[in-house]
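Please take these sequences and the hints and turn them into a complete structure.
Residue numbering for the sequence shown follows full-length UniProt numbering, beginning at 1 and increasing consecutively.
Treat the hints as calculated values from the structure; they're not laboratory data.
There's no promise every hint is true.
Unchecked claim - The list that follows gives simulated cross-link-like pairs (lysine-lysine, PhoX-like), each with its CA atoms no further than 25 Å apart:
#1 LYS153 to LYS130
#2 LYS139 to LYS18
#3 LYS47 to LYS13
#4 LYS47 to LYS195
#5 LYS195 to LYS29
#6 LYS130 to LYS47
#7 LYS153 to LYS47
#8 LYS195 to LYS153
#9 LYS176 to LYS139
#10 LYS176 to LYS221
Quantities reported herein were computed from a predicted structural model and do not represent experimental measurements.
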Amino acid sequence: MISLFKRQTTWQKLIKHKQRYLETEALTKEMRTALNFPLPQGTSFIKELSFLVFDLETTGINAQNDQILSIGWIEINQGKIDMSSARHYYINHGHSIKKETAIINHIVPTMLVDGISLSEAILQFLMAAKGRSLIVHGKSIEYAFLAHYIHMKFSLPPLPFVWIDTLSIEVNIARKLGIMTPQSQQLHLVRERYKLPRYAAHNALIDSLATAELFLAQTQKILKQENQTIEQIYQYSH
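Next comes the structure, spelled out in structure tokens:
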């Protein structure tokens, strides 16, 4: 009973936070439009929902000092990956990026020069995320960089989305199965455990697709019944 009450309270807090966020005067018209949608009820079935799976490539892991190099995303709609929704943008910050930091991500300077501004990329992302919950592999990077941008640009708290983290899901699956031996949670290695192939290429879009496939495999493993709810997956993700 206590566990059920805690879950309900957590979900109610998410909904109330979203409502308060939309009342913030600092929101631009474009952001308000992008964010003006209700969060799903916790009892909503996954097969009926839409998700935006995304990934950021950055110059490092410190959101305050490092920069976003590219962003990619793809949708999962009603339990299926929608390839037509795939998007990938390089970010032109208007100044040069250290060559060594970009090369690590297989990004060359000319890609960034031909890119779009970070503000435009974030706006495109928010429009794509409208009406959807977010899925990432390793929430800390994406969450921190988006939160830093929103804070610096608008002096606002982190965006009011439902976040699903496939890395956290995998950790909790292992814990529930009693697996005590440490396992690598790198995306390609987690995929191997589900017999998913490793992609030869590597960028924000490819990693988004890889994460989307992993998420669908994970949900089949931990929630084998037909009617899987967003709240059940959310609890595995936190």
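The hints, checked one at a time:
no.	hint	in the structure
1	LYS153 to LYS130	20 Å, holds
2	LYS139 to LYS18	19 Å, holds
3	LYS47 to LYS13	24 Å, holds
4	LYS47 to LYS195	23 Å, holds
5	LYS195 to LYS29	45 Å, violated
6	LYS130 to LYS47	18 Å, holds
7	LYS153 to LYS47	35 Å, violated
8	LYS195 to LYS153	42 Å, violated
9	LYS176 to LYS139	21 Å, holds
10	LYS176 to LYS221	12 Å, holds
Going down the numbered hints, you'll see the structure goes against 5, 7, 8, while the others check out.
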